[in-house]
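Engineer: Protein sequences, first through last, are from chains A and B. All residue numbers for the first sequence refer to the working numbering, where the first residue is 1 and numbers rise by one. All residue numbers for the second sequence refer to the working numbering, where the first residue is 1001 and numbers rise by one.
Read the hints as simulated data drawn from the structure, not as lab findings. Bear in mind the structure is a predicted one, so any value in this text is a computation, not a measurement. Hints are supplied without guarantee of correctness; some may be wrong.
[Unchecked claim] Computed list of lysine-lysine pairs in DSBU-like fashion (alpha-carbon distance at most 30 angstroms, straight line):
(1) A:K102 <-> B:K1255
(2) A:K155 <-> B:K1280
(3) B:K1035 <-> B:K1155
2 protein chains.
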Amino acid sequence: MRTKAAVAIAAGKPLEIMEVNLDGPRAGEVLVEIKATGICHTDEFTLSGADPEGLFPAILGHEGAGVVLEVGPGVTSLVPGDHVIPLYTAECRECDYCLHPKTNLCQKVRATQGQGVMPDGTSRFSTLDGDPILHYMGCSTFSNHTVLPEVSLAKVRRDAPFDKICYIGCGVTTGIGAVIYTAKVEQGSRAIVFGLGGIGLNVIQGLRLAGADQIVGVDLNDSKKSMAERFGMTDFVNPAEVEGDLVPYLVNLTKGGADYTFDATGNVNVMRTALEASHKGWGESIIIGVAPAGAEISTRPFQLVTGRSWRGTAFGGARGRTDVPKIVDWYMDGKIEIDPMITHQLSLEDINEGFELMHAGKSIRSVVVY
Amino acid sequence: MRTKAAVAIAAGKPLEIMEVNLDGPRAGEVLVEIKATGICHTDEFTLSGADPEGLFPAILGHEGAGVVLEVGPGVTSLVPGDHVIPLYTAECRECDYCLHPKTNLCQKVRATQGQGVMPDGTSRFSTLDGDPILHYMGCSTFSNHTVLPEVSLAKVRRDAPFDKICYIGCGVTTGIGAVIYTAKVEQGSRAIVFGLGGIGLNVIQGLRLAGADQIVGVDLNDSKKSMAERFGMTDFVNPAEVEGDLVPYLVNLTKGGADYTFDATGNVNVMRTALEASHKGWGESIIIGVAPAGAEISTRPFQLVTGRSWRGTAFGGARGRTDVPKIVDWYMDGKIEIDPMITHQLSLEDINEGFELMHAGKSIRSVVVY
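Let the sequences and hints guide you as you build the complete structure.
Structural biologist: Listed below in structure tokens is the structure:
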């Protein structure tokens, strides 16, 4: 079939809107009509050329929601008409990782996904001239239609609006999941969130959901304060306005250090501050942000020997097919908010404008609606 | 009273055996006759002058066992005749740390202990001329008699031999506790232990106790192999004999990385190797060793984001008054071994010989018997 997509032709160039060919689903695959997709910093990271693993030409986008149109042979868990959220972290429920209680990093389709192809080693996308176009993060939601492995789709309720729940495909789950699934924050905890962008805001509402008593937000941009407060932030700190070192200031503000700290900046110096601002004896610091290639974190081992732990999270520790439908329920039940974070809605033709809004810091999330 | 002690007069000098004055126990304090004491690397670290927090003159030693001779006013949990193991990590059972489920770092006597004095700010030790001598780690087991806070003493069964259970005061608990209390290693796990000295051997027997299926020991000294095998090591790796990088070698040996890795070297480069040799998705790396002042650990944050966690342990995460008596039981019941690790027994007069044996790598543990 033919469909319309925004294609990343090469690193550093704007996406090009064009018609592309899409082959139908093969064994274990599913054809999905994407109804809406968010534009995430990870798409930007790859498009810019900064991602050393970025491949071109490709159809980016990994934060979508849509409807199943057709299933390939052997697909048993989905039927046409099902509403789905694509998963860049699959959940096969049979690999060593899926069967291990401490991780969500399913390896079933990992290797081929990283190469921009389906598990059989080929791409379903091509130009009208027949040249292959690569998939991206196993999703390629910047195409109106896409093909995914069955294990890379979470089936969700049909009454949830696509233009909001698409955000659960990455940002919402990454932030809330870091709190609920990775850190397992307890009622009454004190926490610090570094970076109040789209991920940081979702960490904050995750902390509110978990019943944290103190939720400190740290950002160099004062304009982030009011939105963060809306999602549950109790204290705002602009490091530029703190006299002296930031770590002792935050330790004092949290009465000895935070029970949990979260880095949502990707800056390795901030990651160190986050670890050291966590409480002696039991503080846990969770890295969410993606650092530039080659960057390293460091600290004195004494920080760990005296009881702090340093951890990380990918996709919020969520098992996609199991947890994403629950998060959709939380949204529909009003336990979490998404609407205020979707600051811009665009058509596919205007998708590059979404990247510009991100660069300018004007959007929390821009969503493309097909 | 007068007692005999090995006194650390100044950094870098041998201990001097002399008679010293010891004041009786004040409120909340206990007079203990030390029957045996181990000589630990931490004593050596302080005596050498490398410990930036080392104070002199002081009576070192923190790995002892003895008998209560007298209790001060208000002491309720001990009576004369009780057998005890001194604790450099107290357990008051009422501070914020003792009441927190995730830490053993009781803060009750921490500040004064670090200054070499009792909680009232004074020392019980002095020279026969009346000049004060400082306590060390709240224990000072290199004196035949010593005074400790009640909260710094674990009461243990009376049939356990002092010259063996003194080792539970530090090395045994640190190694076994890192496995049982800090890492909480599960049955069937794969683990790697870096450094096969006294701590490393106890990590190994802790792993055997926990039911680990694979226990890899890593040491540059081949002579460590046979003793480590006796305690449960299943695979030995000498990094000097590995071609290429050590991390992929260890990852391959453990079928994808170890579930748990332990650093018992204090070398920050080894700490990084330990983290990176742990399994993607769920590997936990525990730092036990004490690094030189100012040394830093580092890694790419990607190591954590893909599911590894970096933690540390002090006194094996054990709550001294609660857990040390249990470990004594484990020894008496034959669940753990201590005897083969006590390679040398000395009189107090020969204590400096114990330090020389340690330097020469000839001892696992030397014990002074009074």
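Engineer: Please go over all the hints and tell whether each is borne out by the structure.
Structural biologist: How the hints compare with the structure:
Of the pairs offered as hints, the one joining K102 (chain A) and K1255 (chain B) holds, with about 17 angstroms between alpha carbons and a cut-off of 30 angstroms not exceeded. Proximity of K155 (chain A) to K1280 (chain B) is assessed by CA-CA distance (about 27 angstroms); at most 30 angstroms being required, the pair is judged to hold. A distance of roughly 14 angstroms separates the Cα atoms of K1035 (chain B) and K1155 (chain B); the hinted pair therefore holds under the 30 angstroms criterion.
The structure shown violates none of the earlier numbered hints.
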